[in-house]
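*Asks:* Listed below are the residues making up each chain.
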Amino acid sequence: MEGVATFAVLMHLNSINAQLTESVNTTPLSEISDEELVLQFRNGNLHSGSFLYSRYKNGIYSFCLRMLQDSEGAKDATQDTFVKMVTNIQSLHNGRAFKSWLFSVARNEVLMVVRRNKIVPMEQFDDETVVFDHSTPLKITMQNEMKEKIHTAMLRLKPAYREVYMLREIEGFSYEEIAVATGTTISAVKSKLFKSRVALNEMLAQYQ
Amino acid sequence: MNCQTTKEQISQLLDNELRAEELQPMFQHLSECEECRKFFLQTKDIHDSAKTLEYITAPKVIDQKFAVLGMEQQQSFLSRKFTISVPSAIYSIGAVIVLMLFIYVSGTIQEKQIAEQYRQTMSLTMPYGASSYDRN
Chain V
0 MEGVATFAVL MHLNSINAQL TESVNTTPLS EISDEELVLQ FRNGNLHSGS FLYSRYKNGI
60 YSFCLRMLQD SEGAKDATQD TFVKMVTNIQ SLHNGRAFKS WLFSVARNEV LMVVRRNKIV
120 PMEQFDDETV VFDHSTPLKI TMQNEMKEKI HTAMLRLKPA YREVYMLREI EGFSYEEIAV
180 ATGTTISAVK SKLFKSRVAL NEMLAQYQ
Chain L
0 MNCQTTKEQI SQLLDNELRA EELQPMFQHL SECEECRKFF LQTKDIHDSA KTLEYITAPK
60 VIDQKFAVLG MEQQQSFLSR KFTISVPSAI YSIGAVIVLM LFIYVSGTIQ EKQIAEQYRQ
120 TMSLTMPYGA SSYDRN
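Protein sequence lines, in the order shown, are assigned to chains V and L. Heads up: the first sequence begins at 0 in numbering that gives the first Met the number 0, then just goes up one per residue. Heads up: the second sequence begins at 0 in numbering that gives the first Met the number 0, then just goes up one per residue.
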């Protein structure tokens with residue numbers, strides 16, 4: 000009986016390898032869509048899960064680190080995001096929405112780390128009255144480089160604004176995708192992006 | 000159109016989310032308002048630079064954790080396949096036995112019927128029976 004089971008497993012693994020080889024042979028890895036990878040992953044192809052992980056690990060880690068500004072917390076949030084990706088992939092029915100779904104998972108994990116480690120006061124995630132923290136000094140880590148200044152200024156934005164701004168400017172999300180990822184409305188996204196830009200203009204005015 | 004609305008539209012323009020019919024009034028306002036022109040240029044500069052912000056490379060320890068997770072998933076997949084295949088195998092073997100029994104029984108019945116038919120045909124063509132024919 001064990002032989003039958005082993006045979007069934009081997010047959011399944013062979014079919015996975017065949018599918019994978021076929022898709023890799025016909026399409027370069029970078030061109031396989033998230034939707035296709037999610038479909039294969041849902042059908043038990045663990046390699047597709049690895050591809051998705053490789054594709055998004057730096058993006059998710061950057062998002063978590065820039066939100067938390069704590070490397071240990073960012074590691075935990077990133078790991079937990081991918082644990083959720085693996086365990087909850089069956090609940091994702093629309094593979095095309097994978098990216099915004101994954102970032103919404105990451106956002107929840109960031110909030111979990113905040114609750115657990117009390118890195119940032121929780122109310123700041125919902126606080127929409129103040130766009131950035133005036134009391135924190137603006138530290139320029141690399142001199143005379145606009146990018147570094149923007150990065151530093153972006154970290155001064157309040158989390159509710161920072162997450163929206165990062166998803167738009169770094170990840171290139173549409174307003175709708177940001178709304179899905181952050182659990183808010185499109186008009187709120189528009190408003191937060193506008194206020195973030197006004198705040199960044201204000202912070203960076205002296206360097207322009 | 001006031002400055003507040005124009006600035007909001009500039010933000011949407013940079014995101015390619017501004018409707019076509021809103022473009023003309025916005026540019027009209029920009030041509031007349033120095034403050035909004037300044038806002039546009041500054042916001043666009045920051046927007047262009049922000050787009051070039053790189054990802055921060057994830058530490059290797061996360062890869063290791065994911066590899067362990069992958070192995071656990073494979074283990075659970077293997078055990079899942081095993082528990083599923085045992086009853087399936089029992090059902091399959093049972094079905095094969097039933098099928099073989101059916102073929103055997105129906106084959107036996109058919110054999111008897113053919114033998115009977117042969118006997119009847121022989122008795123019609125040889126009214127005195129095969130034994131008297133053999134004697135001649």
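It should be emphasised that the hints constitute simulated quantities derived from the structure, not laboratory data. It is possible that some hints are incorrect.
Unchecked claim - As a list, the in silico DSSO-like pairs of lysine-lysine whose alpha-carbon atoms are at most 27 Å apart: (1) V:Lys74 x L:Lys50; (2) V:Lys146 x L:Lys59; (3) V:Lys146 x L:Lys64; (4) L:Lys37 x V:Lys74; (5) L:Lys50 x V:Lys189; (6) V:Lys146 x L:Lys111; (7) L:Lys43 x V:Lys83.
Quick caveat, the model's predicted, so the values are computed rather than measured.
*Asks:* Next step is simple, just say for each hint if it's right about the structure.
*Replies:* Results for each hint:
1. V:Lys74 x L:Lys50: 24 Å, holds
2. V:Lys146 x L:Lys59: 26 Å, holds
3. V:Lys146 x L:Lys64: The given pair, whose Cα atoms are some 32 Å apart, is violated under the 27 Å limit.
4. L:Lys37 x V:Lys74: Distance ~40 Å between lysine 37 of chain L and lysine 74 of chain V Cα, so the pair is violated.
5. L:Lys50 x V:Lys189: 18 Å, holds
6. V:Lys146 x L:Lys111: 94 Å, violated
7. L:Lys43 x V:Lys83: 37 Å, violated
Hints 3, 4, 6 and 7 from the list above are not met by this structure, while the remaining hints are.
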